[in-house]
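Chains as they are written, first to last, in the working numbering: chain Z, 1 to 252; chain Y, 253 to 469; chain R, 470 to 757.
Source of the hints: derived by calculation from the structure; they are not laboratory data. Every value quoted in this text rests on a predicted model; they were computed, and no experiment measured them. We put the CB at the ideal spot given by N, CA and C, even for glycine. Fair warning: there could be bad hints in the mix.
Unchecked claim - If you want the ones that stay clear, here's a sample from chain R, every Cβ over 12 Å from chain Z, calculated:
no.: 1; residue: N471
no.: 2; residue: M481
no.: 3; residue: A499
no.: 4; residue: N528
no.: 5; residue: T536
no.: 6; residue: Y644
no.: 7; residue: R645
no.: 8; residue: G684
no.: 9; residue: Y698
no.: 10; residue: W699
no.: 11; residue: I703
As the list claims (entries may be wrong) - Calculated lysine to aspartate or glutamate pairs in the DMTMM-like style (CA-CA distance at most 20 Å, straight line):
no.: 12; chain 1: Y; residue 1: K281; chain 2: Y; residue 2: D394
no.: 13; chain 1: Y; residue 1: K318; chain 2: Z; residue 2: E55
no.: 14; chain 1: Y; residue 1: K318; chain 2: Z; residue 2: D229
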Amino acid sequence: MTKIIKTEKVQAWYGTEKALNGISLDINKNKVTAIIGPSGCGKSTFIRCLNRMHEVIPGAKVTGKVLVNDVDIYSAQVDPVDIRRKIGMVFQKPNPFPTMSIFNNVASGLKLNGITDKKFVAESVEKSLKMAALWDEVKTRLHHSGMSLSGGQQQRLCIARALAVEPDILLMDEPASALDPISTLRIEELLQELKKEYTIVIVTHNMQQAARISDYTAFLLNGDLIEYDLTESMFTKPNDKRTEDYITGRFG
Amino acid sequence: MTRNNYESALEQLDKTIIKMGNLVEEQIKEAVESLARQDLELAQKVIEKDNVINELELEIEEFILKLIATQQPIAKDLRRIAAGFKIIADLERMGDNAVDIAKTILRIGNEPLIKALIDIPRMAEITQEMLKESLDSYVTGDVELAESLASKDDEVDGLHAQIIRELITYMLENPKNIKQATHLMFVSRYLERIADHTTNVGENVIYMITAARKDLN
Amino acid sequence: MNNLQAQYNKHMIRRKATNYIMLTMMVLCAVIALIPLISILTHIGASGIKGLNLGFITNLPSPVGETGGGMGNGLVGTLILVTIASVIGIPLGVLTAIYLSEYQQIGIFPSVVRFVADSLLGIPSIVVGIFAYVVIVIPMKSFSAFAGGAALGIMLIPIIIRGTEGMLRMVPDSYREAGLALGMRKWRVIVSIVLPTAIRGIVTTIMLGIARISGETAPLLLTAFGNHYWSTRIDQPIAALPLQIFNYAISPFEEWHNQAWSGSLLLILLVLIISIVSRVATRQQKFK
Numbered sequence: 001m002t003k004i005i006k007t008e009k010v011q012a013w014y015g016t017e018k019a020l021n022g023i024s025l026d027i028n029k030n031k032v033t034a035i036i037g038p039s040g041c042g043k044s045t046f047i048r049c050l051n052r053m054h055e056v057i058p059g060a061k062v063t064g065k066v067l068v069n070d071v072d073i074y075s076a077q078v079d080p081v082d083i084r085r086k087i088g089m090v091f092q093k094p095n096p097f098p099t100m101s102i103f104n105n106v107a108s109g110l111k112l113n114g115i116t117d118k119k120f121v122a123e124s125v126e127k128s129l130k131m132a133a134l135w136d137e138v139k140t141r142l143h144h145s146g147m148s149l150s151g152g153q154q155q156r157l158c159i160a161r162a163l164a165v166e167p168d169i170l171l172m173d174e175p176a177s178a179l180d181p182i183s184t185l186r187i188e189e190l191l192q193e194l195k196k197e198y199t200i201v202i203v204t205h206n207m208q209q210a211a212r213i214s215d216y217t218a219f220l221l222n223g224d225l226i227e228y229d230l231t232e233s234m235f236t237k238p239n240d241k242r243t244e245d246y247i248t249g250r251f252g
Numbered sequence: 253m254t255r256n257n258y259e260s261a262l263e264q265l266d267k268t269i270i271k272m273g274n275l276v277e278e279q280i281k282e283a284v285e286s287l288a289r290q291d292l293e294l295a296q297k298v299i300e301k302d303n304v305i306n307e308l309e310l311e312i313e314e315f316i317l318k319l320i321a322t323q324q325p326i327a328k329d330l331r332r333i334a335a336g337f338k339i340i341a342d343l344e345r346m347g348d349n350a351v352d353i354a355k356t357i358l359r360i361g362n363e364p365l366i367k368a369l370i371d372i373p374r375m376a377e378i379t380q381e382m383l384k385e386s387l388d389s390y391v392t393g394d395v396e397l398a399e400s401l402a403s404k405d406d407e408v409d410g411l412h413a414q415i416i417r418e419l420i421t422y423m424l425e426n427p428k429n430i431k432q433a434t435h436l437m438f439v440s441r442y443l444e445r446i447a448d449h450t451t452n453v454g455e456n457v458i459y460m461i462t463a464a465r466k467d468l469n
Numbered sequence: 470m471n472n473l474q475a476q477y478n479k480h481m482i483r484r485k486a487t488n489y490i491m492l493t494m495m496v497l498c499a500v501i502a503l504i505p506l507i508s509i510l511t512h513i514g515a516s517g518i519k520g521l522n523l524g525f526i527t528n529l530p531s532p533v534g535e536t537g538g539g540m541g542n543g544l545v546g547t548l549i550l551v552t553i554a555s556v557i558g559i560p561l562g563v564l565t566a567i568y569l570s571e572y573q574q575i576g577i578f579p580s581v582v583r584f585v586a587d588s589l590l591g592i593p594s595i596v597v598g599i600f601a602y603v604v605i606v607i608p609m610k611s612f613s614a615f616a617g618g619a620a621l622g623i624m625l626i627p628i629i630i631r632g633t634e635g636m637l638r639m640v641p642d643s644y645r646e647a648g649l650a651l652g653m654r655k656w657r658v659i660v661s662i663v664l665p666t667a668i669r670g671i672v673t674t675i676m677l678g679i680a681r682i683s684g685e686t687a688p689l690l691l692t693a694f695g696n697h698y699w700s701t702r703i704d705q706p707i708a709a710l711p712l713q714i715f716n717y718a719i720s721p722f723e724e725w726h727n728q729a730w731s732g733s734l735l736l737i738l739l740v741l742i743i744s745i746v747s748r749v750a751t752r753q754q755k756f757k
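Make a model of the complete structure from these sequences and hints.
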């Protein structure tokens, strides 16, 4: 099994407040890895460290190593912009750009990064929308506003937008928490398709969702990695009492 | 289509249960055959095969637990999985009964049979039919087929009572017959137990489909 | 009926009565607040409309007693002054706002900038006029359109800084993060995502600022000074609508009073037109 991401003692702060106490975790290629844990355990912070989005927040700081394909993304020679093109991110709330059409939303990552080949962009938009299982629903109204879509469609639009820049890894920060159950299931189903080509790391506060969709699960608590295992092992015989208490709903 | 993964896992569960059912069916068939032919080697084989079935049961059990833990089945899916859980236990017991029959055959050994076997093969035939039908009803969700097991079970019970009466007469006639007659009584008893387990399977199928409880035994 | 329900019911009539009284008072206040607004507009409209014609917009002022004079030079002057003020105030204000909102939200320097901008908002406009007089008019040894435009521009800066910063802050961070996560550079995110999202709000802010300065009289008294003749040179004194309105209104002549009313109406219409045009120009891209 190829380890596409390796983290070593990743620590993160917001100002003086420490959010991660040293997370060492290897993520497998072409698998879905779920990060679970109660609110404030650092799960979102952790994935934001994986594409250098944590440092975007004023006063935020990261130490430790994050190796992606054996390259330390925090080394001085690395441009965070390049990292973010290789490691896409989908956020909790669907956030299509409000001033752009559906087409331009998906194309934005290409167009605004200097790709001008119109044919290439158009093909890429179609491919990405198809991969995000949205093409059939929007192909006749690509020039309508992205905001005209339903919540679930907007989130798939955001997934298509992230896919268009052809990343290797897709980070998802509670991508279904603002959606209705059917939209949620559609996104979950989509992940199973996407993992054939991408490595997916998904943060979720919904343990059942983690159980349904992931191959591996990591349980974080108060900024520490408590347990990391195959999902089916974690949900049938967790090794740590705290994991057991959390996944059985005894706290958190 | 949503939840493809889950759907295919459910299908796989069905397939594995049927596979286990087929193995048990084969085991019973061979046990009965070994009695008819007094084939001790075959009887030995039946005993050895039990391991495979036991392991398969554990495997399915594990699979079901994972399915419940990761997919949160509800409503008819939950009933299906719960039924599956109970059906594999019944199948395993049937396998054990087949082994018991094989062991009894080994005990009888090569000594000539006190009488030509008529009712026991007849009973074995009906029992095997019942097993087959119970598995079919599970696959197709055919409630009527499952319900029809009840009358067949009565038939088996009738045959069992008749065999016992007959064997008792043989025992009274000649005390030397007592040992073998007792063995044959057990064979009959095991077959009757197997038939009972198939009705349990039928009951679980009915519950799985209609969510209603029905006693077939 | 349980105890709690009974207690609720006890006060029901009183609560309903209070509700109606307060609601009535609020509606009444809203109406009272509208009265001066509407009466100003109707009074200016009624008094100004009869003098407002094409000649009024194109002609120079005429001496007392002669008819047919207009405020053409004042209208052009005001447009020039507002343009100068915009050229100074809009880039300075918008760029400062982008800096405050996108690059340096917290710290001593941004706090100082905000404090100064807030203070500038509260300074009487005549003081800004005196400042421009000292800094520009005296060294140039002449009243000038440039000095007037600069004074108005100085007034415009804090309005635009605070307003635009507020509008930029209203753009959810999630859009910025989405852009950055796609591998866009920060300036790209600001130019292509944040600004288009906030553009209507920013334009509204700018329009409010322009409306505000285009009616200012005090800072122009010591800078643009006023001019009875056509002039479009920015180094010369220039006419302005508010100055002419002021001068005509304090004159003893009935005819000039009427012209002042028409000038006021013209000023209102001018602001209205600029506002409409800029709104149409920045209308959200229409999606079919």
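| query | Checking the smallest CB distance to chain Z, is I703(R) really beyond 12 Å? | reply | holds (37 Å)
| task | Check the non-interface label on Y698(R): least C-beta distance to chain Z beyond 12 Å or not. | result | holds (47 Å)
| query | Once the closest CB in chain Z is found, is it more than 12 Å from G684(R)? | reply | Fine: 33 Å to the nearest Cβ keeps G684(R) off the interface.
| Straight-line alpha-carbon gap K318(Y) to E55(Z), limit 20 Å | Roughly 39 Å separates the two Cα atoms, so the pair is violated.
| query | Does K281(Y) pair with D394(Y) here, judged by a C-alpha cut-off of 20 Å? | reply | Since the Cα atoms of K281(Y) and D394(Y) sit roughly 24 Å apart, the hinted pair is violated (cutoff 20 Å).
| Claimed clearance of chain Z by M481(R), with the beta carbon kept past 12 Å | holds (39 Å)
| request: Compute the least Cβ-Cβ separation between R645(R) and chain Z, then decide whether it is above 12 Å. | output: violated (8 Å)
| Is it correct that the beta-carbon of W699(R) has no partner in chain Z closer than or equal to 12 Å? | holds (43 Å)
| field | Given as non-interface: N528(R), partner chain Z, CB spacing beyond 12 Å | value | holds (45 Å)
| message | If I take the minimum Cβ distance from T536(R) to any residue of chain Z, is it greater than 12 Å? | response | Given a closest Cβ separation of 53 Å, the condition holds.
| Verdict on A499(R) as a residue remote from chain Z, using beta-carbon distances over 12 Å | holds (32 Å)
| query | Is the Cα-Cα distance between K318(Y) and D229(Z) 20 Å or less? | reply | Given that 20 Å is the threshold and the Cα spacing comes to 14 Å, the pair holds.
Checked against the numbered hints given earlier, this structure breaks hints 6, 7, 12, 13; the rest are met.
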